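Protein chains: 2
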Amino acid sequence: MLSRYLLMKNKAIVIGKGPAGISCAVYLKRYGLDVMVIGRDGGALEKVPSIENYYGYTKISGKELLENGYNQAKNLGIEILTEEVVEIMKEEDFTVLTDQNTYRADFVVLACGTSRNRFFLAEPFSNVSYCATCDGFFYRKKKIGLIGNSTYMAHELSVLENMCKDITVFTNGLSLEVTINESIKVVTDKIQSIIGEERLTAIQTETKEYPVDGLFIALGQASGYTFAKHLGIETKDSKIVVDQNFETNIQGLYAIGDLVGGLLQVSKAVSDGAICATAIQKYFQLNK
Amino acid sequence: MLSRYLLMKNKAIVIGKGPAGISCAVYLKRYGLDVMVIGRDGGALEKVPSIENYYGYTKISGKELLENGYNQAKNLGIEILTEEVVEIMKEEDFTVLTDQNTYRADFVVLACGTSRNRFFLAEPFSNVSYCATCDGFFYRKKKIGLIGNSTYMAHELSVLENMCKDITVFTNGLSLEVTINESIKVVTDKIQSIIGEERLTAIQTETKEYPVDGLFIALGQASGYTFAKHLGIETKDSKIVVDQNFETNIQGLYAIGDLVGGLLQVSKAVSDGAICATAIQKYFQLNK
Numbered sequence: 000m001l002s003r004y005l006l007m008k009n010k011a012i013v014i015g016k017g018p019a020g021i022s023c024a025v026y027l028k029r030y031g032l033d034v035m036v037i038g039r040d041g042g043a044l045e046k047v048p049s050i051e052n053y054y055g056y057t058k059i060s061g062k063e064l065l066e067n068g069y070n071q072a073k074n075l076g077i078e079i080l081t082e083e084v085v086e087i088m089k090e091e092d093f094t095v096l097t098d099q100n101t102y103r104a105d106f107v108v109l110a111c112g113t114s115r116n117r118f119f120l121a122e123p124f125s126n127v128s129y130c131a132t133c134d135g136f137f138y139r140k141k142k143i144g145l146i147g148n149s150t151y152m153a154h155e156l157s158v159l160e161n162m163c164k165d166i167t168v169f170t171n172g173l174s175l176e177v178t179i180n181e182s183i184k185v186v187t188d189k190i191q192s193i194i195g196e197e198r199l200t201a202i203q204t205e206t207k208e209y210p211v212d213g214l215f216i217a218l219g220q221a222s223g224y225t226f227a228k229h230l231g232i233e234t235k236d237s238k239i240v241v242d243q244n245f246e247t248n249i250q251g252l253y254a255i256g257d258l259v260g261g262l263l264q265v266s267k268a269v270s271d272g273a274i275c276a277t278a279i280q281k282y283f284q285l286n287k
Numbered sequence: 000m001l002s003r004y005l006l007m008k009n010k011a012i013v014i015g016k017g018p019a020g021i022s023c024a025v026y027l028k029r030y031g032l033d034v035m036v037i038g039r040d041g042g043a044l045e046k047v048p049s050i051e052n053y054y055g056y057t058k059i060s061g062k063e064l065l066e067n068g069y070n071q072a073k074n075l076g077i078e079i080l081t082e083e084v085v086e087i088m089k090e091e092d093f094t095v096l097t098d099q100n101t102y103r104a105d106f107v108v109l110a111c112g113t114s115r116n117r118f119f120l121a122e123p124f125s126n127v128s129y130c131a132t133c134d135g136f137f138y139r140k141k142k143i144g145l146i147g148n149s150t151y152m153a154h155e156l157s158v159l160e161n162m163c164k165d166i167t168v169f170t171n172g173l174s175l176e177v178t179i180n181e182s183i184k185v186v187t188d189k190i191q192s193i194i195g196e197e198r199l200t201a202i203q204t205e206t207k208e209y210p211v212d213g214l215f216i217a218l219g220q221a222s223g224y225t226f227a228k229h230l231g232i233e234t235k236d237s238k239i240v241v242d243q244n245f246e247t248n249i250q251g252l253y254a255i256g257d258l259v260g261g262l263l264q265v266s267k268a269v270s271d272g273a274i275c276a277t278a279i280q281k282y283f284q285l286n287k
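Residue numbers (numbering that gives the first Met the number 0), protein chains in the order written: chain A, 0 to 287; chain B, 0 to 287.
Simulated from the structure, these hints should not be mistaken for laboratory data. The hints are all genuine.
Remember, identical chains collapse to one label, so a pair may be satisfied in a single copy or spanning two.
Quick list of in silico lysine-lysine cross-link-like pairs, DSS-like style, CA-CA up to 27 Å: (1) K58 with K10; (2) K281 with K58; (3) K58 with K73; (4) K62 with K238; (5) K281 with K238; (6) K238 with K10; (7) K228 with K189; (8) K58 with K46; (9) K189 with K142; (10) K140 with K207; (11) K238 with K89.
No experiment lies behind these values; they were computed from the predicted model shown.
Work out the full structure, taking the sequences as your base and the hints as a guide.
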């Protein structure tokens, strides 16, 4: 363990640029750590027309509050990247893969909001996966379905293409947002049901039944729930389980804000960020 | 128990008008509860020249942030009283006594910041009290000392005057901030030591030794620690012990912010207020 501590470069990546993520980054930066924020957008808060219960503001729009947060972070010299994180890998340190680049970090803080990308129809079955990298191997040369329509789906597809023989992408009624290999079949019909007993055997859309050996889910963008599935993070009722320092069961990996449940409010997210950053700083102080 | 619930008037008093108190009041008001805030001042935050780590503000002074909070609360129709709370009493509901008035409430939220009014020199002794109302009776017709120089001391003195024979006020080097009965002796010398074994027997100042049968402490203004002593609230390491809803061991009495420990930061205080208010609202919904 000692070698790990000696190698520690105190570099943190915060995933998510909403209140939890920016608050955490601001504290980390002020504690002297090297911190970078990566996020696609401001999430649900972007669409909130008026906030009246966040201390210090009589009335502010979500968009305006987010802008204030970005400015606050930039003013401290924090780099905020508008990229979409598609994968996080853990070896000695962490590798964060976005739609554009690869980054390394000693600490990763997940602050990417509530997960809305589970596909509940498929959950009763055993041959369903939320992680191509983890489970693609089990479907070598098999016929599989992949549900999704976005950048994140394209990332999962790129992993599966190397292993599986026959892949059908199901957009479940949405339009395909990305360009994919022409050899891949795309079904844009809505999914009506999943056929099977313990293991699923076919996808039933409005118009047709598609037999498959397994199904991968890559809805929307990679979320806390996705990363939990990929990394083996403990979850409970769709929320990431953390200790009082907001650390998950994976050392060096933290989760804050709506991801961990409790009150789904800006004030609680901001506080999570501050407490988590303080815990990371203490950990680093103790082990440097 | 039922009768108590039926009588419940869902009136809350928040003591303290810093970030924790105002955040809590804002949430309570928006949940439809009748809420009043009482506080002498904005506490320690008033003197902070610049805050750069509270999400949403690149840079703001403590005074300005407090002003924003007052305006936010007033905009929602919340009454903020600039009075000093000197006593809280609990029977069926709560009675809150200030230097000017008496109020009643079904819920009380303590948000009055860290206690700085312990007198550690005296703590080893058994005949020392932080509560005239609780313990004055034990010193009937005895000679006692009272440490303090403020409105709160004057309140404790008014209670003791009815019971004790011979009272000496020790300002411990400070000037007397209030007018008190001329018959009361006032010593403005600094206290050097407390004499006694298990029980103290005398106060030793720079110039003289004053024999006493007991000593009351009423330093500064009544604080969380004071109220804890008066009401029998459980404390640990000078912090008020609360559950995950910020409720103390006394039903209907909550404590938030620096009083309960953890990260002593605006962001955490604001979050405490929001979580506590949500718990009170849930409790009220369940029991109305």
